[in-house]
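Next come the chains, spelled out residue by residue.
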Amino acid sequence: MSQPLPTDPPPEPEAPRPYVSRIDRRTALAWVGVVGAAAAVGAGVVVYGRKFGGQPAVEAKGYGTDPDLVKPAPAPWPRIMTRAQLDTAAAVCDHILPAAAAAPSARALGVPDFLNEWVSAPYPDQRKDRPLILSGLDRLASRSQRLHGKAIAALSAAERTALIGPMAAAKGADLAFFRRVRRLVIGAYYTTPAGFKDIGYIGNVARARDPGPSAAVLAHLERELAKLGL
Amino acid sequence: MAAEPYDVIIVGSGAGGGMSAYHLTHAGLKVLLLEAGRHYDPVTETPMFNTNAEAPLRGEGTPDKPFGFYDATVDGGWQVPNEPYTVAEGSEPFVWWRPRMLGGRTNHWGRIALRFGPLDFKPRSRDGLGYDWPITYDDLAPWYDKTERLIGVSGAAPPRGLTNTPDSPEGCLMESAPPRAFEVFYARAFKAMGIPVIPMHGAVVTGHMAGRNTCLFATPCGRGCAIGANFQSTTVLLPPAMATGNLTIRPNSLVYEVELDKAGKASGVAFVDRKTGEHHSASARAVVLAAGSGETARILLNSKSSRFPDGLANTHGMVGRYLMDSVGLTVAGQFPAMEGLPPTNDDGQGTQHTYVPWWGYDRQKELGFPRGYHIEIGGGRRMPSMPLAGVLDSDDLSVGDELRANLRRRFGSVIGFDGRGEMIPNDDCYCELDPKVTDKWGVPVLRFHWKWGESETRQAGHMVETFLAVIDKLGGKPLGKVQTDGAKAISKGGEMIHEVGTARMGARETDSVVNAFGQSWAVPNLFVTDGAVLVSSPDKNPTLSILALAWRSSDHLATLAKQGAL
Numbered sequence: 001m002s003q004p005l006p007t008d009p010p011p012e013p014e015a016p017r018p019y020v021s022r023i024d025r026r027t028a029l030a031w032v033g034v035v036g037a038a039a040a041v042g043a044g045v046v047v048y049g050r051k052f053g054g055q056p057a058v059e060a061k062g063y064g065t066d067p068d069l070v071k072p073a074p075a076p077w078p079r080i081m082t083r084a085q086l087d088t089a090a091a092v093c094d095h096i097l098p099a100a101a102a103a104p105s106a107r108a109l110g111v112p113d114f115l116n117e118w119v120s121a122p123y124p125d126q127r128k129d130r131p132l133i134l135s136g137l138d139r140l141a142s143r144s145q146r147l148h149g150k151a152i153a154a155l156s157a158a159e160r161t162a163l164i165g166p167m168a169a170a171k172g173a174d175l176a177f178f179r180r181v182r183r184l185v186i187g188a189y190y191t192t193p194a195g196f197k198d199i200g201y202i203g204n205v206a207r208a209r210d211p212g213p214s215a216a217v218l219a220h221l222e223r224e225l226a227k228l229g230l
Numbered sequence: 001m002a003a004e005p006y007d008v009i010i011v012g013s014g015a016g017g018g019m020s021a022y023h024l025t026h027a028g029l030k031v032l033l034l035e036a037g038r039h040y041d042p043v044t045e046t047p048m049f050n051t052n053a054e055a056p057l058r059g060e061g062t063p064d065k066p067f068g069f070y071d072a073t074v075d076g077g078w079q080v081p082n083e084p085y086t087v088a089e090g091s092e093p094f095v096w097w098r099p100r101m102l103g104g105r106t107n108h109w110g111r112i113a114l115r116f117g118p119l120d121f122k123p124r125s126r127d128g129l130g131y132d133w134p135i136t137y138d139d140l141a142p143w144y145d146k147t148e149r150l151i152g153v154s155g156a157a158p159p160r161g162l163t164n165t166p167d168s169p170e171g172c173l174m175e176s177a178p179p180r181a182f183e184v185f186y187a188r189a190f191k192a193m194g195i196p197v198i199p200m201h202g203a204v205v206t207g208h209m210a211g212r213n214t215c216l217f218a219t220p221c222g223r224g225c226a227i228g229a230n231f232q233s234t235t236v237l238l239p240p241a242m243a244t245g246n247l248t249i250r251p252n253s254l255v256y257e258v259e260l261d262k263a264g265k266a267s268g269v270a271f272v273d274r275k276t277g278e279h280h281s282a283s284a285r286a287v288v289l290a291a292g293s294g295e296t297a298r299i300l301l302n303s304k305s306s307r308f309p310d311g312l313a314n315t316h317g318m319v320g321r322y323l324m325d326s327v328g329l330t331v332a333g334q335f336p337a338m339e340g341l342p343p344t345n346d347d348g349q350g351t352q353h354t355y356v357p358w359w360g361y362d363r364q365k366e367l368g369f370p371r372g373y374h375i376e377i378g379g380g381r382r383m384p385s386m387p388l389a390g391v392l393d394s395d396d397l398s399v400g401d402e403l404r405a406n407l408r409r410r411f412g413s414v415i416g417f418d419g420r421g422e423m424i425p426n427d428d429c430y431c432e433l434d435p436k437v438t439d440k441w442g443v444p445v446l447r448f449h450w451k452w453g454e455s456e457t458r459q460a461g462h463m464v465e466t467f468l469a470v471i472d473k474l475g476g477k478p479l480g481k482v483q484t485d486g487a488k489a490i491s492k493g494g495e496m497i498h499e500v501g502t503a504r505m506g507a508r509e510t511d512s513v514v515n516a517f518g519q520s521w522a523v524p525n526l527f528v529t530d531g532a533v534l535v536s537s538p539d540k541n542p543t544l545s546i547l548a549l550a551w552r553s554s555d556h557l558a559t560l561a562k563q564g565a566l
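Quick mapping for you: the protein sequence lines, in order, are chains A and B.
Quick note: the first sequence uses the numbering used here, first residue 1, plus one each step.
Quick note: the second sequence uses the numbering used here, first residue 1, plus one each step.
If you're looking for bench data, these hints aren't it; they were derived computationally from the structure.
Be a bit skeptical, because a hint or two may be false.
To be verified - A few chain B residues that don't get close to chain A, going by computed Cβ distances all over 12 Å:
| id | residue |
| --- | --- |
| 1 | Glu60 |
| 2 | Leu129 |
| 3 | Leu388 |
| 4 | Ala507 |
| 5 | Arg508 |
What the hints assert, rightly or not - Stretches of chain A that chain B covers, calculated by requiring three or more beta carbons in the stretch to come under 8 Å of a beta carbon on chain B:
| id | region |
| --- | --- |
| 6 | 59-70 |
| 7 | 78-92 |
| 8 | 139-151 |
| 9 | 176-186 |
Where a beta carbon is used, it is the ideal one built from N, C-alpha and C, also for glycine.
Kindly produce the complete structure, drawing on both the sequences and the hints.
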């Protein structure tokens with residue numbers, strides 16, 4: 001059983017670069033469907049070959065009503081983002097959650113792969129998101145060529161911010177895209193152990209007893225309740 | 001393992017069926033338990049500490065797993081493959097949650113284990129609405145005591161004597177885990193409004209209990225519990241029943257008919273194997289239906305004979321009638337006062353640690369609706385899931401370090417208020433056989449009819465009003481647009497998954513299906529021990545009462561068996 005996320009991501013280079021998928025090799029090969037279409041570039045990491053991507057002619061099957069919950073298999077549906085869309089998704093991740101002093105970037109946690117998994121899923125909510133997100137990625141890619149004359153993966157951090165930043169102040173499709181993709185990036189990021197650490201979630205550990213809130217927490221509450229007259 | 005001839009066939013392995021199997025096997029009877037779903041083992045199948053990142057789509061709900069990837073439900077949800085149901089034209093929406101697994105819905109249930117109170121058994125005597133039960137609270141109280149001691153329930157507290165909110169006798173309950181930060185916080189607003197907040201009764205082992213593991217105070221109960229620290233039929237009832245040597249479990253067995261002998265007594269059941277499609281019969285001296293209120297009614301209605309042309313035990317047209325659910329809705333708020341708390345672990349014991357029982361028993365006239373609701377309140381810094389961004393203001397589109405800081409500050413500052421209220425049975429809510437639609441095996445399916453009454457929609461409006469007042473008092477702001485019209489804010493029929501009452505008990509054959517011991521009036525060796533027998537649907541979640549009633553009825557059945565009176 002392979003883990004969907006490597007526990008020890010390689011360090012991120014500073015320079016612009018294509019997104020390296022953080023999906024294990026066997027899984028990616030299963031999506032591509034052809035062994036020769038993907039080339040291994042290191043343990044558990046692959047770069048997709050040319051056959052990767054494209055909208056499905058027939059909607060794939062979901063994971064069914066009785067999947068293994070204890071050792072979940074990777075989502076079984078083929079991934080539909082093109083190489084360019086995946087790179088653009090990575091750039092959007094870099095814009096929303098770049099690496100911080102004590103926390104990795106969304107890219108390093110494989111969030112672009114998650115966005116691909118999400119828009120590729122055969123279920124109604126995800127199929128509704130699919131055109132919104134893919135068309136938003138495509139618009140960003142063509143704007144990058146138009147404004148900077150290069151692919152989004154080759155932009156500097158400043159160029160990237162100039163390209164994606166205005167979407168938050170836009171209207172219509174750009175704003176809808178940005179809102180939605182940001183929610184997905186936040187959800188995907190903070191559901192990982194690195195996300196737990198960043199947001200301060202300290203649960204999911206077995207305890208002999210639940211001691212209740214600490215004196216510091218109770219003191220904070222009392223201060224706030226007093227302000228409310230309670 | 002027992003072999004034919006069986007003394008008793010039990011249909012269904014959830015709360016009612018599991019408890020019936022537990023008692024009848026311990027009473028020495030040979031039992032065949034038929035479960036429509038597959039075998040299920042919580043010890044090996046529960047994803048206890050899995051993170052959402054390990055699941056497809058980060059664990060988000062899909063039509064395959066509507067309550068999320070890790071919800072314990074197997075092969076089911078709002079739809080079960082190959083087993084449709086319909087809703088009548090012109091009806092309000094109705095939805096029906098079914099799993100297909102050993103232990104049924106007890107594997108994922110909310111573990112809220114509240115006793116019905118004395119008024120809940122005599123509602124018509126109190127306000128002229130609905131119907132009285134043929135039993136009183138005092139009749140069921142000893143069985144509540146036994147059930148709480150068997151399944152393990154938290155919520156011990158000094159007796160309060162609150163109206164219609166029974167205190168369990170000393171020794172029945174374990175102490176709950178202490179209130180979490182958000183529970184300490186909200187309690188102060190209710191206190192200021194003169195509304196009591198008391199320990200929740202949760203079917204979770206929070207202290208030492210012989211033969212049981214104590215809660216780990218982590219991981220959601222809805223996934224099930226691999227160490228059996230909460231109540232599931234599959235961890236608490238079926239293993240000891242199996243250990244008696246008197247129980248045979250046959251999974252994948254979808255029962256569709258109760259068969260009668262020439263004398264008109266139940267001789268067994270007919271079922272289809274969901275995997276092979278083959279039809280089978282099994283025989284026994286008595287039959288217990290505990291398939292869930294909907295499925296139990298469906299089996300009775302499909303059991304047609306010359307003696308019962310409209311379905312078994314349906315001579316008076318009572319099968320399928322008086323279908324009830326709970327009134328439900330949620331309003332959530334975000335609270336600046338809860339922002340930036342020092343680190344704290346809010347995983348807790350799975351159920352809420354405290355709750356708000358209904359407080360308006362002496363004010364129904366001025367409130368403008370009969371009956372009431374309790375409040376289940378959720379919050380705290382729980383394991384992040386995909387909707388996490390909902391803690392931010394809707395116009396917050398920050399990125400980078402600012403986004404990280406905003407999320408850290410607001411994490412755990414949202415509190416959700418869930419109302420769960422009583423529904424009064426009405427003539428517009430019932431199920432019947434669909435004249436056209438059948439399941440994969442050709443068996444007619446249920447068609448539901450639903451219409452909330454004004455008692456319910458007004459109550460729902462009061463829930464919203466109350467929750468908004470509490471949110472305001474705590475300095476918070478409601479999340480999203482809040483629907484204040486009770487008729488629009490109220491849950492769909494069936495959505496609270498408390499559907500009960502399709503084969504109710506009563507004092508007379510003419511207006512009920514079974515007697516006060518769940519024994520069919522028409523066929524004395526046929527019993528019903530699931531939620532179908534409920535006469536009213538109080539605000540209290542029904543599972544504990546289904547367990548207590550199933551135990552009491554099974555005890556009666558065992559006594560009759562010993563007397564040779566079946």
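Tested hints:
no.: 1; hint: Glu60; in the structure: violated (8 Å)
no.: 2; hint: Leu129; in the structure: holds (37 Å)
no.: 3; hint: Leu388; in the structure: violated (5 Å)
no.: 4; hint: Ala507; in the structure: holds (42 Å)
no.: 5; hint: Arg508; in the structure: holds (43 Å)
no.: 6; hint: 59-70; in the structure: holds (count 8)
no.: 7; hint: 78-92; in the structure: violated (count 0)
no.: 8; hint: 139-151; in the structure: violated (count 0)
no.: 9; hint: 176-186; in the structure: holds (count 6)
Hint check: violations occur at hints 1, 3, 7 and 8; the rest are consistent with the structure.
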